[in-house]
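Enquirer: If you want the building blocks of each chain, they are given just below.
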Amino acid sequence: MMHQVIEIGRTQTPEAVLYWILGPLAVLAALGMVVVKKAVHSAILLAWVMISLAIFYIAQDAVFLGIVQVVVYTGAVMMLFLFILMLVGVESSESLTETIRGLRPIAIVAALGFGGLLISLIGHATLGRSFVGLTDANAGGNVQALAGLLFSKYVWAFEVVSALLITAALGAMVLAHNHRIIARPTQRDLATARFRGTSLAKAAGLPGPGVYALHNAVDVPALLPDGTPAQASISATLKARGDVIDSRPFQLSTIESEEE
Amino acid sequence: MNMLTSLMLLPLIGALLISAIPTTKSLLAKQMTLLTTILVAVGVIVMTLRFDRGKTDLQFVETHSWIPTFGINYSVGVDGIALVLILLSALLAPIVVLSGWNESNGGRWSAKTFYILVLVLETMIIGVFSANDLFLFYVFFEAMLIPVYFLIGGYGTGQRNAAAVKFLIYSLFGGLLMLASIIGLYVLSGEQGAHTFNINALSQLQMSSTTQNLLFLGFFIAFAIKAPLWPLHTWLPDAAQSATPGTSVLLLGILDKVGTFGMIRYCLTLFPEASKTFTPMILVLAVISIIYGAFLAIGQKDLKRLIAFTSISHFGFITMGIFAMTSQGHSGATLYMFNHGFSTAALFIVGGWMMSRRGSSKISDFGGLQRVTPVMAWTFFFAGMSSLALPGLSSFVSEFLVLVGTYTRYPVAAIIGTFGIVLAALYILIPIQRSLHGPTMPGNEALSDLNVREKIAIAPVIAVIIGLGFYPSPLLNIINPASTHTITQAGFTDPLAQIDPKAGK
Amino acid sequence: MTSNSLVYLIALPLFGATVLLLAGRRSDKWGHIFGTLMSASSFAVGVYLFIQMLGNSDGQRAMTQKLFNWISVGSFQVDAGLLVDQLSICFVLLITGVGTLIHIYSIAYMSHDLDRRRFFAYLNFFIAAMLLLVLGDSYLNLYVGWEGVGLASYLLIGFWNQKPTYATAAKKAFVANRVGDMGLSLAIMIAFATLGTVSFDGVKEHASHASTGALTAIGIMLLVAATGKSAQFPLQAWLGDAMAGPTPVSALIHAATMVTAGVYLITRSNFIFDLAPNAQLAVAVIGVITLLFGAIIGMAKDDIKKALAASTMSQIGYMVLGAGLGPAGYAFAIMHLLTHGFFKAGMFLGAGSVMHGMNDEVNMRRYGGLRKFMPITFATFGLGYLAIIGVPPFAGFYSKDKIIEVAFNAGGIKGITLGSAALLGAMITAFYMTRVVILTFAGSKRWDDKAHPHESPFLMWAPMVLLAFGSVASGFFFSRGDSLKNWLEPVVGGHMAHEAELLSPAVVSILALVLVVIGVGFAIIKYLLNEVPQVAPTDVTVFTKIARRDLLQDDFNEAVFMRPGQAITRGLQTADTTLIDGAVRGVGRFAVGAGNILRTTQTGFVRSYALWILVGAIGLVATIWVVTL
Amino acid sequence: MNPANYLYISALLFTIGAIGVVVRRNAIVIFMCVELMLNACNLAFVTFARINGNLDGQVVAFFTMVVAACEVVVGLAIIVTIYRSRRSASVDDASLLKR
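Residue numbers (my numbering), protein chains in the order written: chain E, 16 to 275; chain R, 2 to 506; chain D, 117 to 745; chain F, 52 to 150.
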């Protein structure tokens, strides 16, 4: 082969370039993931690490896995993470000050020791000095070869894993299922509640934002018949962000009326 | 089907039937339990009659493969020693049920549960005495603890939980040591042939003396806890104090015999050399038990604890007889196990009636019962006489055989042990004087004497104690071949009388 | 020879006891008659056997009956067998004869007691056990009877056990007896270990082959047994307290029969003692110590029964001394035992009769001048008195003087010492027995007006008369032509070749008589010619005080055995809870404590658990690292 | 270049993930760190597959992905459930295991 390795235990130079660019980036991203305050940022950095890994997979003749990595991990799993983050609250950011005494120094020392040990182990190992390469194994195509293994040697594990997937799906459904504590209110119940409530103010339903207001926009509170802005008509999120534009009351001309 | 297996299944079937009846029908549960235990007793008596007294090997043998991977068999069979102990268990069980008719009332659970536990326990006991496979023995040995644990913890009095836990942990500790030894034997058997738990095969193993000593200790400590031998005895007084009288009878009368039975069956058979090595030490412990138990019994203020300490003294005698390595000592020890079962049963049963009537187990609360309840006082007195080994009662024969058998080989141990005779008089007569004699204490005037059920329950016990006192041959004939066989297997012969014709004058 | 009727001797009274105990209150009406009948029929069987024996020649008189094989393990073979020979038949007749008389006496004596039926059950049981003791053909069979009589004694001393002191006395008797029993069981063990058998025949046959050391050990242990049962020094303390039992019991058990079992045991074991001179000497020494000990206590006692009990102790001392003198003394020991059985039982019954008439008063200082009110009692008691102090031709003269004579002739210093002590004892006996008689029957009345002394009913005095007859005539009868000695010869061995006698019988008799007269004289001077105070004077010498305290026997036992025993018990109890159980609970506490410490690592924060996992992983990797490099 | 170099990256990533698991309190971030550790392992497997010249390592990596997917599904469902009742995704708040 023309691209035969020059020296045993060495791959071609382009891969080294790839490695030296993507590797540090991936490590940096991973570090960032641990360090940043906001969970969303962590998620995005993780996605970057995963994509880097996918590229590494492909570079190492694991084309199928690289694709799966992108589709399943970066696509599905990360989306799931982000989805849950939305559910739980995007804005939730934790303070990075440690509450459990002594945990962080021990953790960092332990992790450094662990990493150091691992790396020195790898360094001592004689791995890769004479690597075989997947050229033969992938001769009929990577996907075909994997499928051959999956449906012959690993068929039992494959089936078990499939059962696990189904179980996990079922389990997630069971866990996420919301048990009703009280009976679901009927329309009749809702109507009764509206009219028997503490005041009749909400009996007619809340106004949408922007109604009778200066602008017909979601960030402008509706005006009540007396000209005061109805704060309740605006989404709590907008309010919390401080994105409410105009909540000035409308000055009505005085009309003599005794009606209430 | 084999008799032993059927006899083991019978109480289990009874327990299953009882579990099917409603909780409220406690009377029916009692009647069914009584019926079952009587059936078992009849079965065991029939088996005893069919036992061939001339043979020394196991009889009624039955073997099925159980877990072939590990060479574990369901294998049962009895020799004379085991048969006598099974007979003891089977005879005492109906007496316990009948005498403790209302014992389950104060319990945490229903009467039904109590009797199910008793029946399950009976199965285990028969199993543990008849097992011929070390693994099977271990299973019964440990499983036996569970019904007792619940019987003490669920139906006892006072600090029953603490006592039950103490009992369980003590026994489990010993059991684990034994398990280690059992595994050791199993591994050795694999190195020297096929992996097996068969006792006969295991007794043929070649072992270095260190190995043998260590394995022996594992077994011996387990049995010494069960027996209980000083200084591993402290669970017994607590358990006896907290348990109901019926449970105490099962515990001290039958269950603890597994310890001394195990010493004969396993320690001596499997490790004859180690047994020889440790004999002096064990004899010292046995003698200490005799004296120590007696002294502590003298000092007790609680009737149940007192009986427990007398048992510690008696178990000292049994252990001494076993390790005297003479046929008199062995036969005496085995007979002692049987007789101690009955005399302790009598003490606990009658003492239990006294305590339940008076509502207290403190000896000082009694007094002058002889005047108020003559029959009860008489039976208690009789039980006491049996416990102090009055000649003419069964325990005398066994105690004397033990002493004589020990004397021929280890005179010093026997002489010190004989002091136990004097102390026995004290620890029996002091409580008898305090509880039966003297003026009637306030609170005792209206106690009722024994009723018909109680008389029926205690009568067989008294009959056995007197009968075997005068005519122990039926049991001795069963025991003798087995004990001689064990002695021979362990490599001993009886010492000869020391007549020296030349010294004559 | 074998006989089938031996077992009835025991079975009849045993049957009586069983029936009376099982029938309970239902037999209240006829229980006493039934019990007496059972005892009497046993006596009849005894007489029948005796006559049968008389018809046989000397060597053929012993009869055996094997009932069944009792214990059989290896070489330890014991049959339940009975043996009646010339020695046992004496006892059989004494036990059943005196026993029956005392049964009859008790019918009247106990007539007011609600539990009379139970009393008769115990008496029957005692007769059966005592017969087993003397009829057993091996030491182990004897042992059964030995403890049986101990039990009967316990039950009868504690017959009125609602009184705490009586219950304590019963317990004391049983425990002291148990100490003796320990000796007996050790003797049996040694016998089996050395001779390989425990039957009388077997031991007799093999004894000569055994070493002297072993025989001495057996002998000493038998002596221990005898001291326990026969209230000999140092196990004598229980006898005085045993007087708590009803008086017929004191007469039968604690005077005539049970307490003499030790003498029987030693005599029966003559084949051992004869080969173990040291043990035999020990027997004689114990006998002498006890005869003086009892006599000294007897001088100080005001309680009539306790005075008689001390006298019993002393008289048994004579018997033990006799038995310790070897073949020359056995027959006289037994003779004294039999005559003593008559006169002491008679005197105890007399004491009972006095108490019966005096509202159960036992203090002799509150008697006085009773001879007018109880002539028959006085007469019978007086005859017994003459017998015990050894006035010829009453029974005691023949038996006691013979023992003294044999003692003197035992040779050397030993003979002189033993003989002099025995003579001294005779003088003291004369003194204290005279004192008893004078205090009770002579002098002026010292009782208060509540007492109405009267003669006892026929059923009580008839047995006393019969026993008095025995105390008059038995000595003469036994010694005429050495009849008893010849009768016993096949069992206890014959006459030894007479060595040079130190003192001839006549000299001994004269010496003894002189001393007796001196003793009687002292007593007359002190108690008849001087006023006797109603309350014992307290300004007495320290010796009197010690004698009144039973020569400090109880104080000794208390200080040497009881208090240390109690201390040991308490100490062991503390050790048991603190050390042994403490160690056990310490293990538990250690586990809980360790758990508490380790539990602090369980913060509940999942992250700290994760950290520990990480640390564990480091450990794992490090291990791999170390192992692979 | 020696393919073993990938192993160094794998080790670094794994360690970083481990630190994250221990240090962070937000359950979702902890989860992401776990995913990072799994991915690091996958990289090692793929590298091993290449070094040894057979595809078994890749198959294992594939299974890891599937199992990781399962884990994420169930884990996130648990987080949601906890959040629903405790209004917090901090793992320190769910420390009921302590005494």
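The reader is advised that the hints may include incorrect statements.
[Claimed, not checked] The calculated lysine-lysine pairs, modelled on DSSO-like cross-linking and capped at a C-alpha distance of 27 Å, are: (1) Lys279(D) <-> Lys566(D); (2) Lys363(R) <-> Lys642(D); (3) Lys561(D) <-> Lys302(R); (4) Lys601(D) <-> Lys488(D); (5) Lys456(R) <-> Lys145(D); (6) Lys363(R) <-> Lys456(R); (7) Lys642(D) <-> Lys530(D).
[As the list claims (entries may be wrong)] Over the 10 Å line for every Cβ pair with chain D, so calculated as not near, a few chain R residues: (8) Ile170; (9) Tyr171; (10) Thr235; (11) Glu274; (12) Ile299; (13) Gln329; (14) Leu391; (15) Phe397; (16) Ile422; (17) Ile431.
[To be verified] Beyond 12 Å from chain R on every Cβ pair, some chain D residues (computed): (18) Val135; (19) Gly140; (20) Arg141; (21) Trp262; (22) Thr284; (23) Met298; (24) Phe308; (25) Gly484; (26) Phe574; (27) Phe585; (28) Ala622; (29) Ile684; (30) Gly735.
Simulated from the structure, these hints should not be mistaken for laboratory data.
All C-beta atoms in this analysis are idealised placements derived from N, C-alpha and C, irrespective of residue type, glycine included.
Enquirer: Against each hint, give a clear statement of whether it holds in the structure.
Expert: Hint by hint, here is what the structure shows:
Pair hint Lys279(D) plus Lys566(D) holds up; C-alpha atoms about 24 Å apart against a cutoff of 27 Å. As the CA atoms of Lys363(R) and Lys642(D) are separated by approximately 54 Å, the hinted pair breaks the 27 Å bound. With a CA separation close to 50 Å, the supplied pair Lys561(D) and Lys302(R) exceeds the 27 Å bound. For the suggested pair Lys601(D) and Lys488(D), the alpha carbons sit about 41 Å apart, so the restraint of at most 27 Å is broken.
This hinted pair checks out: Lys456(R) and Lys145(D) have alpha carbons roughly 25 Å apart, not beyond 27 Å. In summary, the hint linking Lys363(R) to Lys456(R) is supported, as the alpha carbons are separated by about 24 Å, within the 27 Å threshold. This hinted pair does not check out: Lys642(D) and Lys530(D) have alpha carbons roughly 34 Å apart, beyond 27 Å. Taking the minimum C-beta to C-beta distance to chain D, about 8 Å, the non-interface status of Ile170(R) is violated against the 10 Å cut.
Its beta-carbon lying about 8 Å from the closest one in chain D, Tyr171(R) breaks the requirement of being farther than 10 Å from that chain. At roughly 4 Å from the closest C-beta of chain D, the C-beta of Thr235(R) falls inside 10 Å, breaking its exclusion from the interface. At roughly 23 Å from the closest C-beta of chain D, the C-beta of Glu274(R) stays outside 10 Å, upholding its exclusion from the interface. Separation of Ile299(R) from chain D is inadequate, the least Cβ-Cβ distance of about 5 Å not exceeding the 10 Å criterion.
With a closest Cβ-Cβ approach of about 5 Å to chain D, Gln329(R) is found to fall inside the 10 Å limit, against its non-interface label. For Leu391(R), the condition that its CB be more than 10 Å from all CB atoms of chain D is violated, with the nearest at approximately 6 Å. The claim that Phe397(R) is not at the interface with chain D is violated, since a C-beta of that chain comes within 10 Å of its own (minimum 8 Å). A Cβ of chain D approaches the Cβ of Ile422(R) within 10 Å, the least distance being about 5 Å, so the stated non-interface status is violated.
The claim that Ile431(R) lies off the interface is violated: its Cβ sits roughly 7 Å from the closest Cβ of chain D, which falls inside the 10 Å cut-off. Annotated as non-interface, Val135(D) keeps its C-beta farther than 12 Å from every C-beta of chain R; the closest such distance is 15 Å. Gly140(D), annotated as away from the interface, has a beta carbon of chain R within 12 Å; the closest lies near 8 Å. Not every Cβ of chain R is farther than 12 Å from the Cβ of Arg141(D); the closest lies at roughly 9 Å, contradicting the non-interface assignment.
Look at Trp262(D): its CB is around 7 Å from the nearest CB on chain R, not clear of 12 Å, so calling it non-interface is violated. Interface exclusion of Thr284(D) from chain R breaks down, the closest Cβ pair being 7 Å apart, not more than 12 Å. The beta carbon of Met298(D) sits about 5 Å from the closest Cβ of chain R, which is not more than 12 Å, so the claim that it is off the interface is violated. Distance check for Phe308(D) against chain R: the nearest CB is about 5 Å away, which does not clear 12 Å, and the non-interface claim fails.
Non-interface status of Gly484(D) relative to chain R is upheld: no Cβ of that chain comes within 12 Å, the nearest being about 34 Å off. For Phe574(D), the condition that its CB be more than 12 Å from all CB atoms of chain R holds, with the nearest at approximately 32 Å. Here Phe585(D) stays apart from chain R, with its beta-carbon at least about 36 Å from theirs, past the 12 Å limit. Non-interface call for Ala622(D) relative to chain R: holds, since the shortest CB-CB distance, roughly 36 Å, exceeds 12 Å.
The beta carbon of Ile684(D) sits about 6 Å from the closest Cβ of chain R, which is not more than 12 Å, so the claim that it is off the interface is violated. Once the 12 Å rule is applied to beta carbons, Gly735(D) is consistent with being away from chain R; the minimum gap is 27 Å.
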